[in-house]
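Read off the chains here:
There are 2 protein chains.
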Amino acid sequence: MKKVVKFGGSSLASARQFKKVGEIIWSDKSRRYVVPSAPGKRNDKDEKVTDLLYQCYDAASQGRSYKKILEKIKNRYNDIIDGLGLDLNLDHEFQRIEENFVAAVGRDYAGSRGEYLNGLVMACYLNYEFIDAAEVIFFDDNGNLEAEYTDHELSERLANVERAVIPGFYGAKHDGTIKTFSRGGSDVTGSIVAKAIHADMYENWTDVSGMLVTDPRIVENPEVIETVTYKELRELAYMGASVLHEDAIFPVRKEGIPINIRNTNRPEDKGTLIVESTCRKPRHTITGIAGKKGFCSINIEKAMMNSEVGFGRRVLSVFEQYGINFEHMPSGIDTMTIYVHQSEFEDYEQSVIAGIHRAVEPDTLEMESDLALLAVVGRGMRSARGTAGRIFSALAHARVNVKMIDQGSSEWNIIIGVKNDDFETAIKAIYDIFVTAEL
Amino acid sequence: MKKVVKFGGSSLASARQFKKVGEIIWSDKSRRYVVPSAPGKRNDKDEKVTDLLYQCYDAASQGRSYKKILEKIKNRYNDIIDGLGLDLNLDHEFQRIEENFVAAVGRDYAGSRGEYLNGLVMACYLNYEFIDAAEVIFFDDNGNLEAEYTDHELSERLANVERAVIPGFYGAKHDGTIKTFSRGGSDVTGSIVAKAIHADMYENWTDVSGMLVTDPRIVENPEVIETVTYKELRELAYMGASVLHEDAIFPVRKEGIPINIRNTNRPEDKGTLIVESTCRKPRHTITGIAGKKGFCSINIEKAMMNSEVGFGRRVLSVFEQYGINFEHMPSGIDTMTIYVHQSEFEDYEQSVIAGIHRAVEPDTLEMESDLALLAVVGRGMRSARGTAGRIFSALAHARVNVKMIDQGSSEWNIIIGVKNDDFETAIKAIYDIFVTAEL
Chain A
21 MKKVVKFGGS
31 SLASARQFKK
41 VGEIIWSDKS
51 RRYVVPSAPG
61 KRNDKDEKVT
71 DLLYQCYDAA
81 SQGRSYKKIL
91 EKIKNRYNDI
101 IDGLGLDLNL
111 DHEFQRIEEN
121 FVAAVGRDYA
131 GSRGEYLNGL
141 VMACYLNYEF
151 IDAAEVIFFD
161 DNGNLEAEYT
171 DHELSERLAN
181 VERAVIPGFY
191 GAKHDGTIKT
201 FSRGGSDVTG
211 SIVAKAIHAD
221 MYENWTDVSG
231 MLVTDPRIVE
241 NPEVIETVTY
251 KELRELAYMG
261 ASVLHEDAIF
271 PVRKEGIPIN
281 IRNTNRPEDK
291 GTLIVESTCR
301 KPRHTITGIA
311 GKKGFCSINI
321 EKAMMNSEVG
331 FGRRVLSVFE
341 QYGINFEHMP
351 SGIDTMTIYV
361 HQSEFEDYEQ
371 SVIAGIHRAV
381 EPDTLEMESD
391 LALLAVVGRG
401 MRSARGTAGR
411 IFSALAHARV
421 NVKMIDQGSS
431 EWNIIIGVKN
441 DDFETAIKAI
451 YDIFVTAEL
Chain B
21 MKKVVKFGGS
31 SLASARQFKK
41 VGEIIWSDKS
51 RRYVVPSAPG
61 KRNDKDEKVT
71 DLLYQCYDAA
81 SQGRSYKKIL
91 EKIKNRYNDI
101 IDGLGLDLNL
111 DHEFQRIEEN
121 FVAAVGRDYA
131 GSRGEYLNGL
141 VMACYLNYEF
151 IDAAEVIFFD
161 DNGNLEAEYT
171 DHELSERLAN
181 VERAVIPGFY
191 GAKHDGTIKT
201 FSRGGSDVTG
211 SIVAKAIHAD
221 MYENWTDVSG
231 MLVTDPRIVE
241 NPEVIETVTY
251 KELRELAYMG
261 ASVLHEDAIF
271 PVRKEGIPIN
281 IRNTNRPEDK
291 GTLIVESTCR
301 KPRHTITGIA
311 GKKGFCSINI
321 EKAMMNSEVG
331 FGRRVLSVFE
341 QYGINFEHMP
351 SGIDTMTIYV
361 HQSEFEDYEQ
371 SVIAGIHRAV
381 EPDTLEMESD
391 LALLAVVGRG
401 MRSARGTAGR
411 IFSALAHARV
421 NVKMIDQGSS
431 EWNIIIGVKN
441 DDFETAIKAI
451 YDIFVTAEL
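In the order they appear, the protein sequences are chains A and B. For the first sequence, the residue numbers in my numbering are 21 to 459. For the second sequence, the residue numbers in my numbering are 21 to 459.
Don't read these hints as lab results, they were simulated from the structure. Honestly, I wouldn't trust all of these hints.
The list treats identical chains as one, so a pair stands whether inside a single copy or across any two.
[Claimed, not checked] Using 25 Å as the maximum straight-line C-alpha spacing, the simulated BS3-like pairs for lysine-lysine come out as follows:
| hint | residue 1 | residue 2 |
| --- | --- | --- |
| 1 | Lys-274 | Lys-322 |
| 2 | Lys-312 | Lys-322 |
| 3 | Lys-92 | Lys-22 |
| 4 | Lys-40 | Lys-94 |
| 5 | Lys-301 | Lys-88 |
| 6 | Lys-193 | Lys-22 |
| 7 | Lys-49 | Lys-322 |
| 8 | Lys-68 | Lys-439 |
No experiment lies behind these values; they were computed from the predicted model shown.
Chain A with its partners taken away, still in its complex shape:
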C-alpha cells in the first residue's frame, strides 16, 4: 500500500501545524511520499511565505532594500524549526537564495523556495529522504510540463526510495532554470508523484473537511460531499467550485488513483473521495451545485434557420474568429442562443454582432447581459426520475426566472441560466430541495 500525501500551506504554517501533520503521517505507514506546500497564513492577517518571497525577490533584483522581508521569511522557518526542536540550520540555504535574488535568476525561482525550504524542514522532521523537485519534474523550453519524461524520471528515482519528501509547486527546465506551476500547483506535484509511483491513494490534506456541496458564502455550513467522480468534480470545478488545482486531476485520473481531500485539523473526518467511478450511492440525488456570474447571451432568430445546413457552424465560426469560447448553445426551431463569458465578449461585442449578421443574416439578434449559469451535478440524477421537476419547481417557488436550460445525454448535469440577481436565491433553493429536504 503506497500513499502520496500532499499538505497545503495552512497545514504547514507553524510548528503546531507541522506536529499535526507528523501525527497524520506516522499514524499510517503507507503514507510514504510527502509533498509539502510553503508555509501559509497562521491567521487572517498573516502573510504567506510565497508572497513574501516574491516581494523579497522583486526588491532584491531591482536593487531595493529587501533585508527586512528576508528576515521575516527566515523567522517563519526558524520558528518552525525551533518549535519542532529540530537540529537544522538553513543559513547556508538562505545565503544562496539571497545571492540568487540579487542576481535576479527568475521570479519562478523565488516562488519555489517556500516549498523547497519547507521540504527540507519536513524531511528532517520526518526523517524521510529529501528529493529536490528540480531533479525530477521537468518542463520544456516553453515552460510546459514534460509529463511523460517526468513520469519516467520520477518513477525511476523513487523506485528504491522507501520514504521521501518532494516539495510541491515547481520543477526545472533542462538547463536547470526553476519553473513553477500556477498558484496552487503543489496539488499538481502530488498528483504527478502519485502517478509515477502507482500510488493506491493520493491524499490531499488541507484546512477543510472535503469538498462542499455548494459555496459556503451562499449556503451556511453546507454539507461535505462524501464521494465525487472525476467527471462530477470537473463540471463543478469549471463552474467555480474550488478544491484542487485543475491540472491535478489528470495525472491520477489516467491511472485510476483516487484522491482523498482531508482536513489536517480534523483528521478524524473522512473527507471527500474523488474517484473515477463508484457503485456507492450518493447520499443525495445531487452531488453538488456550482455556478458563476458574468455571462451574456446572444439570441438569434431567423425564420427557417433549421433548414439551413451549416447555420450553427457559421455562427460559432464568428465567435472562434475572435477567440471567444462559447459556453452553451441552446436552440429552439428558429432560435439559437449563445452563452459566452461577458468579460471575454465585451471587447469584441460589435465585431461579433457584425460578423453574425454577415455570416447568417438573422432576422433579429438580441443580447442580454448580467446572467449567471448554475450547474446541478450528480450521478444520482441519472436514476432518480423527477430531478428536473424538483429543480424547476423549487426555482419557481423561489420566484427565480429560468432564462436557459441545457441538459444533454449525460443526464447527470443540468445547466441553468438565471439573472445575476437571482443567482444566490437559485442556489439556496436547489440546495434546500435536495440536501436540506433529504436529510
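Once you have looked at the hints, place chain B on chain A.
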C-alpha cells in the same frame, strides 16, 4: 375590408359542400377573393380528384388506357355542377386536357387541372370573375416561385377586380409551362393573393375547427388553439403539427396579415387566429405541444473540451460535410450532445463518427437511437413562472425519463428529448397538466 378565402379539398368535395362554401362567402361581403382547391374525398374510401388526374395523366402519356379514369373525373365535376344547378359545360375543357395528357405536356399540368376546373365551377356558382393562376403566379426556369414579380403582376391584375376566383396550387413559368407547388400548395396561393391585395384577413377554410393544442391521435379530442403567433406556429409545425403548408406563412407574415383557420362544416366556430403578435392572453400557459420520433443523439465527452476554442464548430463541421442538419446541441462542461434525424444520419453514421474522432479526438463517443423530441410552445410561458417545474414534475409523475432539455433565451419554447416509447405518454402528461388541469 378585403378578405381572401381559401377552401380545402374536403370543403369542395361535393355540391353539398359547395353550397356550404357559398353560404359562407355570401354571408360576408368582404370575402372577395376565393382560392379553391380541387375536390377532395367525400368519404374515407373516396379518391381525391388530384390523385385521379395524376393516374389518368400517367396512363395517357404512356399510351395506356385512361378513359375510365377520365370518366371518373368528369363525373365528379358534373355531379357538382348538376347538384348546384349550374349552366356550365366543361366538355371543351376536358377535351383540351385529354389532348394535353396524350401529348404528355407535364405531370404538373395534370396535377393543376383539379384546381383549374374547380375554379371555373366556383366562379360560375358565385358569379365571380375567374382568373387563371397561370396568368398571375410565376415560376422561374428552375421552378422556384418568383415572389416579387408575382406580387407585382397579381396586385396589378386584381387592382380593378372586385371579386374573383383564383385556383390554388399552381402557376406557370414564363414559357407558359404549368408548375405546381408541393402538395397542399393551395394554402400558398391564398397567402400570395392575400399579400398582393393587402388583405385584412386570410381565411383558410378546412374540415377542422382550427389548430389543435396537440395531436388528436395521441390526446383524445384536444382543445382548439384560439390564437397562435407565427413564431409559435412555426415551431409547432416544424415539430410535426400540420395545419398549413409551410410556405404559406411567409407571404402574409411579411405583411402582418392574420390567418384564420376555419371549419367549413362548422362556420359558427371561431377557429384559430394566426397573428404576428397579440396582447391576447392565451387561454393556457402553453399554446401547443408537438413532437416527432426518430432522432438519435451523439454524445461526445472530452476532458477540458470547454477550453478548446473551436471545439463546437469543428464538431458541427463534420455533420455539415455530410449534409446533416443538427437539431439541438445541449452541452455540459466536458460533454456535448448532438441531436440529428436518425434517417438523415444512418447512411453516414460511421463516416461522421470517424470524422468527429479526427476533428476533436474525443475521450468517448456514444450514440443513442430511437429518441423523440417534444416542443412545448407558448408565449404565455414567458410570464408564467414555474412552467418548467410543472412540465418536468408531470413527466416524472408519468415515469418518463427526460433525456435532454433545451431552453434558450426565447423562453417560450422548451425542447425535451425522450425515448420513442415514452413519446405519447409524455405528450399526454404535458397536455393534462396544462390544459385538462387548467380548464
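Results of checking the hints against the structure:
When the C-alpha separation of Lys-274 and Lys-322 is checked against a cutoff of 25 Å, the pair qualifies only between copies, where the shortest distance is 13 Å, while the shortest distance within a copy is 44 Å. In this homomeric assembly, Lys-312 and Lys-322 come within 25 Å of each other (Cα to Cα) only across copies, at 21 Å, whereas the closest approach inside a single copy is 30 Å. Proximity of Lys-92 and Lys-22 under a CA criterion of 25 Å is satisfied in neither setting, with 37 Å inside one chain copy and 91 Å between copies. In the homo-oligomer, the alpha carbons of Lys-40 and Lys-94 lie at most 25 Å apart inside one protomer (22 Å), although the nearest pairing across protomers, at 102 Å, exceeds that limit.
In this homomeric assembly, Lys-301 and Lys-88 never come within 25 Å of each other (Cα to Cα): the closest approach is 55 Å inside a single copy and 74 Å across copies. Taking CA atoms no more than 25 Å apart as the test, Lys-193 paired with Lys-22 passes in neither setting, with 28 Å inside one copy and 83 Å between copies. Taking the closest pair of Cα atoms, Lys-49 and Lys-322 never come within 25 Å of each other, the shortest separation being 66 Å inside a single copy and 37 Å across copies. Within a single copy, Lys-68 and Lys-439 get their C-alpha atoms no closer than 36 Å, and across copies no closer than 55 Å, so neither meets the 25 Å cut-off.
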